[in-house]
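A.B. asks: Sequence:
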Amino acid sequence: MTSALTIKALPYSPDPLETFAHLRKRHGAVLLDSGRPSANGRYDIMSSDPLATLEVMPDGQTNFTSAQLELPSALTGDMTAQQQWMLEQLPSADLSSELPFLGGLIGYWSYDLGRNNLAIPSRHPSVTNLPLARLGLYDWCITFDHEMQTSWLIASTRRQQQVLQWLAHPPASLDKNFQLISPFQGELSQADYTERFNAVQRYIRAGDCYQINLAQRFTARYEGDEWQAYLRLRKATPTPFSGFMAWGNQAVLSLSPERFIQCRDGLVETRPIKGTRPRGKSSEEDIALAEQLLSSTKDRAENVMIVDLLRNDLGRVCAPGSIRVPQLCQLESYPNVHHLVSVVQGQLAKHRSPLSLLTAAFPGGSITGAPKIRAMQIIDELEPCQRSVYCGSLGYIDKRGSMDTSIAIRTMVADAGKLHVWGGGGLVADSKADEEYTETLDKICHLIGALE
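To convert, note that position 115 of the sequence shown is 537 in the working numbering; the numbers rise steadily by one, no gaps.
Source of the hints: derived by calculation from the structure; they are not laboratory data. Values in this document were obtained by computation on a predicted structure and should not be read as measured data. From the three backbone atoms N, C-alpha and C, an ideal C-beta is built for every residue, glycine too. Be aware that a few hints might be false.
List time: in silico DSSO-like cross-link candidates among lysine-lysine, alpha-carbon distance up to 27 Å [said to hold, decoys possible]:
hint: 1; residue 1: Lys598; residue 2: Lys657
hint: 2; residue 1: Lys703; residue 2: Lys447
hint: 3; residue 1: Lys447; residue 2: Lys598
hint: 4; residue 1: Lys657; residue 2: Lys854
hint: 5; residue 1: Lys703; residue 2: Lys720
hint: 6; residue 1: Lys703; residue 2: Lys657
hint: 7; residue 1: Lys703; residue 2: Lys598
hint: 8; residue 1: Lys840; residue 2: Lys447
hint: 9; residue 1: Lys840; residue 2: Lys598
hint: 10; residue 1: Lys840; residue 2: Lys854
hint: 11; residue 1: Lys854; residue 2: Lys720
Simulated restraints, written as ranges between beta carbons of each label pair [unchecked claim]:
hint: 12; residue 1: Asn734; residue 2: His591; range: 33 to 43 Å
hint: 13; residue 1: Glu617; residue 2: Met479; range: 44 to 54 Å
hint: 14; residue 1: Pro592; residue 2: Ala851; range: 24 to 34 Å
hint: 15; residue 1: Thr719; residue 2: Asn620; range: 18 to 28 Å
hint: 16; residue 1: Asp856; residue 2: Glu707; range: 12 to 22 Å
hint: 17; residue 1: Gly629; residue 2: Thr719; range: 19 to 29 Å
hint: 18; residue 1: Glu707; residue 2: Met479; range: 42 to 52 Å
hint: 19; residue 1: Glu803; residue 2: Ala431; range: 32 to 42 Å
hint: 20; residue 1: Ala443; residue 2: Leu753; range: 52 to 62 Å
hint: 21; residue 1: Lys854; residue 2: Ile542; range: 21 to 31 Å
hint: 22; residue 1: Pro592; residue 2: Asp730; range: 31 to 41 Å
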C-alpha cells in the first residue's frame, strides 16, 4: 500500500491543460477543471493511474479492477459500501493542508444510476454503453490553486518520483485530428417537443407535479481525438465545474456551470441553477436580457421550487435547524447564457458521511423537477432515451471527508464514434412551449458551434 503523503511545489500556470497534456494518455487520467477561475472555480485537480477502478454496469453489476486491492465479496451489490471501503484503503492524510483533495475517489455518477437507485424503471434503451458510474481510487494528484497562484503535487515519495518522470517527458502527441463526420441531429422536432410539453402541462394541472425538467438529445458522428474536442469546447464556454475523462473508445467532456454538492469541514452547499436567458448581441441587449431574467416571476418561481426541494433533500442528512439559503435567485453570466443561481447550505449531521449525503440527494433536484420521484417517472415517460451521464455528476470524494460534485449539464458523451449532448429546461404552469424549446437550443448552441 502507498506510504505517507508528501507535498511538493510545482511551477504555477493559470492553464492546467499544459500539465495535463503529459498525463492524459495514462491509464485512468482525469481532469477536474475550473475552466473559468472564480470563487467557485478556484482549483484544478488532475491525476492518473488509480489504485483501483469501480464501474457500475447497465445491468447493475459492478466491475472492480485493481492490481493491489481485492474487494470483499460481502460488499457485492452495495455501491455506497464499496466506495466507502475504497476510501478506507488509502493511508491517513496526515498533511496539514487546506487543499481540497489529498487522495480519494474521482469520476462520475450518471443520472441513470440515480434513477435505478430510486427504483424507477426505464422503458427506453440506453443510447451509450458507458457504465452507470466510473470511479477511480487515486492516491496522488496535482492541484492548481488559482486564488493563491500555486501548484502542488501531493503524493507518496515513490509516486512523486513517478509523476515527476511523467512530467519530464514530452506531452502526449495528439491523435488523429478531431472532426465531425455528420452534423448534430436532434431527436425531437419542435412539434415533438411541443407534444411532450403539453403532456407536462396536463400533469401539472392534474397535480402530479409542480415542475418537470424536460430535455432533448442531439447526436453527431465524429472521428479523431476527444481531447481536441474538449480544448475547443473549453475555449468557447469556460465554466467553473468542467471535467474530462476518457477510456477506450469512450469519453466524458463536461463544461458545467453548476455545482451539485460541496462538503468541506461538514459544511454542505448546493448551488441550483434555474432561469436562463441567452447573452445579447450588443451590450445594451445583453443588459436588457439580464434584467428581464431578474424580473421574471416565472423564472424566480421555478428557482424557488427547486430550492425548496433541495432544502428537503439536504435536511435528510444535515443537522436539524442548520439549513439556510444565503443566496436566492442571483444573476450569474456565462459566455452564452445568463442564469439565476441560488445557494442552499447546511451542516452535515455527525453520523453522516459525504457518501451518504450524495446518495440521499442524488440526482440533483435542479435537473429533475418537483416532487422528485414523480418528476423522474414523467421524464422517463416523455424523453425518448435514457440520459446517461447527462444530469448526473462529476467530482471527487476526498479521503478526509471533503467532496465537490457538479451537475453534468452542458456535457458531451463520446461512445464508439458518436457524440451525444443534451439540452433541457424546467417547465412550470406558465411556461410557453416555443420559449422552452428555444432555451434547450440556447444552452448547447455554443458547444455544438465550437465543434462544427
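A.B. asks: Determine for every hint whether it applies to the structure shown.
C.D. replies: Right, here's what the structure says about each hint:
| no. | hint | in the structure |
| --- | --- | --- |
| 1 | Lys598 - Lys657 | holds, 20 Å |
| 2 | Lys703 - Lys447 | violated, 39 Å |
| 3 | Lys447 - Lys598 | holds, 14 Å |
| 4 | Lys657 - Lys854 | violated, 32 Å |
| 5 | Lys703 - Lys720 | holds, 24 Å |
| 6 | Lys703 - Lys657 | holds, 19 Å |
| 7 | Lys703 - Lys598 | violated, 35 Å |
| 8 | Lys840 - Lys447 | holds, 20 Å |
| 9 | Lys840 - Lys598 | holds, 16 Å |
| 10 | Lys840 - Lys854 | violated, 32 Å |
| 11 | Lys854 - Lys720 | holds, 11 Å |
| 12 | Asn734 - His591: 33 to 43 Å | violated, 50 Å |
| 13 | Glu617 - Met479: 44 to 54 Å | violated, 33 Å |
| 14 | Pro592 - Ala851: 24 to 34 Å | violated, 58 Å |
| 15 | Thr719 - Asn620: 18 to 28 Å | holds, 22 Å |
| 16 | Asp856 - Glu707: 12 to 22 Å | holds, 19 Å |
| 17 | Gly629 - Thr719: 19 to 29 Å | holds, 21 Å |
| 18 | Glu707 - Met479: 42 to 52 Å | holds, 48 Å |
| 19 | Glu803 - Ala431: 32 to 42 Å | violated, 54 Å |
| 20 | Ala443 - Leu753: 52 to 62 Å | violated, 35 Å |
| 21 | Lys854 - Ile542: 21 to 31 Å | holds, 28 Å |
| 22 | Pro592 - Asp730: 31 to 41 Å | violated, 53 Å |
The structure fails hints 2, 4, 7, 10, 12, 13, 14, 19, 20, 22 (numbered hints given earlier, in ascending order).
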